[in-house]
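Engineer: Here's the letter readout for the chains.
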Amino acid sequence: MSAHTGGYYFAPPSKWPLVGSTALFFMAIGGVLAMNSIQPGGWIFLAVGFAILVYMLFGWFGQVIDESERGLYDKQVDVSFRWSMSWFIFSEVMFFAAFFGALFYARVYSVPWLGDMDNRVLWDAYNAAWPTAGPYFDTNPAYQFSTMSAWGIPALNTLLLLSSGATITWAHWGLLQGKRNQLIIGLFLTILLGVIFLGFQVYEYIHAYSDLNLKLTSGIFGSTFFMLTGFHGFHVTLGVTMLIVILARCMKGHFTAERHFGFEAVAWYWHFVDVVWLGLFVVVYWLV
Amino acid sequence: MTATTHTADHADEHHDHKPYGLSRWLFTTNHKDIGTMYLLFGLLMAIVGGFLSLGIRAELFMPGLQILQPETFNSFMTLHGLIMVFGAVMPVFVGFANWLIPMQIGAADMAFPRMNNWSFWMLPPAAILLAASFFVEGGAIQSGWTLYPPLFTQSGIAGDMTILAVHILGASSIMGSINIVTTVLNLRAPGMTLMKMPLFVWTWLITAYLLIAVMPVLAGAVTMLLTDRHFGTSFFNAAGGGDPTMFMHIFWFFGHPEVYIIILPAFGIVSQIIPAFSRKPLFGYASMVYATASIAILSFIVWGHHMFTVGMPAAGQLFFMYATMLIAVPTGVKVFNWIATMWRGSLTFETPMLWALGFLFMFTMGGFTGLVLAITPVDITLHNSYYVVAHFHYTMVAGASFAIFGGVYYWWPKWTGKMYNESAGKLHFWWTTIGFNLTFFPQHFLGLAGMPRRIPDYALQFAEWNMISSIGAFFLAAGQIFFMITLYMSYKSGQPAKDKQWEGADSLEWTHLPSPAPYHTFEVQPVLK
Chain A
1 MSAHTGGYYF APPSKWPLVG STALFFMAIG GVLAMNSIQP GGWIFLAVGF AILVYMLFGW
61 FGQVIDESER GLYDKQVDVS FRWSMSWFIF SEVMFFAAFF GALFYARVYS VPWLGDMDNR
121 VLWDAYNAAW PTAGPYFDTN PAYQFSTMSA WGIPALNTLL LLSSGATITW AHWGLLQGKR
181 NQLIIGLFLT ILLGVIFLGF QVYEYIHAYS DLNLKLTSGI FGSTFFMLTG FHGFHVTLGV
241 TMLIVILARC MKGHFTAERH FGFEAVAWYW HFVDVVWLGL FVVVYWLV
Chain B
1001 MTATTHTADH ADEHHDHKPY GLSRWLFTTN HKDIGTMYLL FGLLMAIVGG FLSLGIRAEL
1061 FMPGLQILQP ETFNSFMTLH GLIMVFGAVM PVFVGFANWL IPMQIGAADM AFPRMNNWSF
1121 WMLPPAAILL AASFFVEGGA IQSGWTLYPP LFTQSGIAGD MTILAVHILG ASSIMGSINI
1181 VTTVLNLRAP GMTLMKMPLF VWTWLITAYL LIAVMPVLAG AVTMLLTDRH FGTSFFNAAG
1241 GGDPTMFMHI FWFFGHPEVY IIILPAFGIV SQIIPAFSRK PLFGYASMVY ATASIAILSF
1301 IVWGHHMFTV GMPAAGQLFF MYATMLIAVP TGVKVFNWIA TMWRGSLTFE TPMLWALGFL
1361 FMFTMGGFTG LVLAITPVDI TLHNSYYVVA HFHYTMVAGA SFAIFGGVYY WWPKWTGKMY
1421 NESAGKLHFW WTTIGFNLTF FPQHFLGLAG MPRRIPDYAL QFAEWNMISS IGAFFLAAGQ
1481 IFFMITLYMS YKSGQPAKDK QWEGADSLEW THLPSPAPYH TFEVQPVLK
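Top line first, the protein sequences correspond to chains A and B. Each residue of the first sequence is one higher than the one before, starting from 1 at the first, in this note's numbering. Each residue of the second sequence is one higher than the one before, starting from 1001 at the first, in this note's numbering.
Since the hints were made in silico from the structure, they are not lab data.
Think about it this way: if two alpha-carbon atoms lie no more than 25 Å apart in a straight line, the pair counts; the simulated SDA-like pairs of lysine to any residue are:
| hint | chain 1 | residue 1 | chain 2 | residue 2 |
| --- | --- | --- | --- | --- |
| 1 | A | K15 | B | L1040 |
| 2 | B | K1498 | B | E1422 |
| 3 | B | K1418 | B | Q1480 |
| 4 | B | K1418 | B | E1523 |
| 5 | B | K1492 | B | L1044 |
| 6 | A | K252 | A | M242 |
| 7 | B | K1500 | B | P1516 |
| 8 | B | K1018 | A | G7 |
| 9 | A | K15 | B | R1024 |
| 10 | A | K215 | B | P1244 |
| 11 | A | K215 | B | T1223 |
| 12 | B | K1529 | B | V1289 |
| 13 | A | K75 | B | M1195 |
| 14 | A | K15 | B | F1027 |
| 15 | B | K1426 | B | A1046 |
| 16 | B | K1196 | A | R82 |
| 17 | A | K75 | B | H1520 |
| 18 | A | K215 | B | G1232 |
| 19 | A | K15 | B | K1018 |
| 20 | A | K75 | B | L1528 |
| 21 | B | K1018 | B | G1494 |
| 22 | B | K1018 | A | V64 |
Whenever a hint applies, use it, and build me the whole structure from the sequences.
Structural biologist: Right under this line is the structure:
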């Protein structure tokens, strides 16, 4: 099948899927070796796998961008992209739901149960109140920690991400009205706000580890805190990377007021990480 | 990059000149090629998983330890489950989806042909990781396919290999499902409205939705296992304020929809076969669609019935019990509709119809034992007994696998252009049905008598039924060798199939396309009234 039949574009045979699978295989082997401290090779496999993955991303997305710019994608292809991005974001929502679910379960069930009559036999002095590092870790001074105040940098971060949602919409308006400068400035500001957010998160993590003694190993509080904010930070990093690609494309003159789903997809993704943050801010930082 | 696109475009201009050699399969973007690879991969994994189950049944042939040490037995049992669920049944159904959905909705291919190929090619790395985990220090994991901590957390290196394999399989499923949903929603031929779609397409649309919803939850759960193992988190560690039963909740939030992910496409296949051999339209089409959707929605609120014995408030037990029983209503609608489709039909009993009827009888039995297990007080005595094993093998083997066999015989003429030997197909059906019931029916008795599952040895009073079950398992497996020979003979020297091999079939692949279906179909979409 090819573009020549007209209408919907069905891609010709491609090497990229196989390249991607090779990358995942190398990374999986590397991950297994590195996590179990098996020498040599873990980090080498990981690095090679990641390099192949980056090669695939450049190659595959490059090809898609090339096809798009050559005008091979009709309206129907555009609708396919819209459906698929929506469902992809839904799958991401469900991934975060697992971790939010773990947090709620711990707060509502497992921690109160650990303080109930049955467990008094094991841990009679345990104060089953959130935040906690758990009945055993709480007895060890090495695990004593303080929580992060919501109304410092986390609140500032909320403001940053909400503003970035506004700047990307402003950039979108620029694209729709053919104001390329507004588009590029808006995207640049969005990236800048995202990078500042990430910088603050790194600063907060250092603060947590060095001043608050709040670590990934700080029982269930540390586990949920760092896994939720960590995965969010990872998604923001991905979002910033995607925004940088879109900015570069805009500067090359890609996208028109009518056809720019690449831009919109990244904007959707950016709003998604924004909404996840709002959830995090309320249940991870604020309602401690 | 541009250059490769151009040459590929050029090579592709000549219709039906398939690319040749290995690169055809490695780089393909053709839904039929990818479907074939999924089916063959599923067959290979079913053979591997089947050998593991024969190891289990060989050990259980007699009381005492003869063949497998307890650790190895547990590894066999665990990998049998993981490989059959994620390696065999799911890929086979995706193979059906790839082959049939574009043809049944009048589309030229899947919406994202390259991603489609990636979904497939993620499976071999994951399968290699799982298979290789047998040979690392400590052997394959022994926790059962549910990966429960703390036993799973204590696994050796195999634990990490399993987690990463599950991650890769999950990514593959999510991509494949997004592809299917997009194809169904966006690539239908003009006039193919949603409520005119063949039921197989409907069941896959809903299955794909379930996969997109729950696969990420499984990814989250195994990620928590990984960080508990290596990075000091306490999700499932009570000392740190976590809870091992939390894993069970998260896992079964994925796991229960997962069992419908396995059975809904089977419903779809049966809903194609029964009308075709009854020479009547499917009875109650709309109610079938709504019943499928209801089953999918209910699947999200019944997970607790897998864990009645772990400690749960009585209100929770009641809720999960009644919610589970509610599923019998839409399922009953489906069974009623299948029977009503046959009512006053001009029935013939070719091989696919036999499998569909076998499905109808035995899956319904598996459904009834499911109702029995849904009753909390009954489940508390039967939990983790062989009754449970019997129950879910009636749904997974007599349900999913019988539908797969029926579907293979039904579409084989369309796929290959060859007819299979009808007598051989019927013999395969009866052989499998007898072998299956010989293997699994006695397990109901064993469970009711109190035999726990997942053990390599048992008390003497269970000896007879175990022996019969083991004999049945080997008989059942031999029947599948006969199945492969039958298909191979047909592929080599079968009679040519008619374009519309089944006179009662009315979906597009039979009414609009020759047999075998050409490499490219519906490049110009048909317009349907």
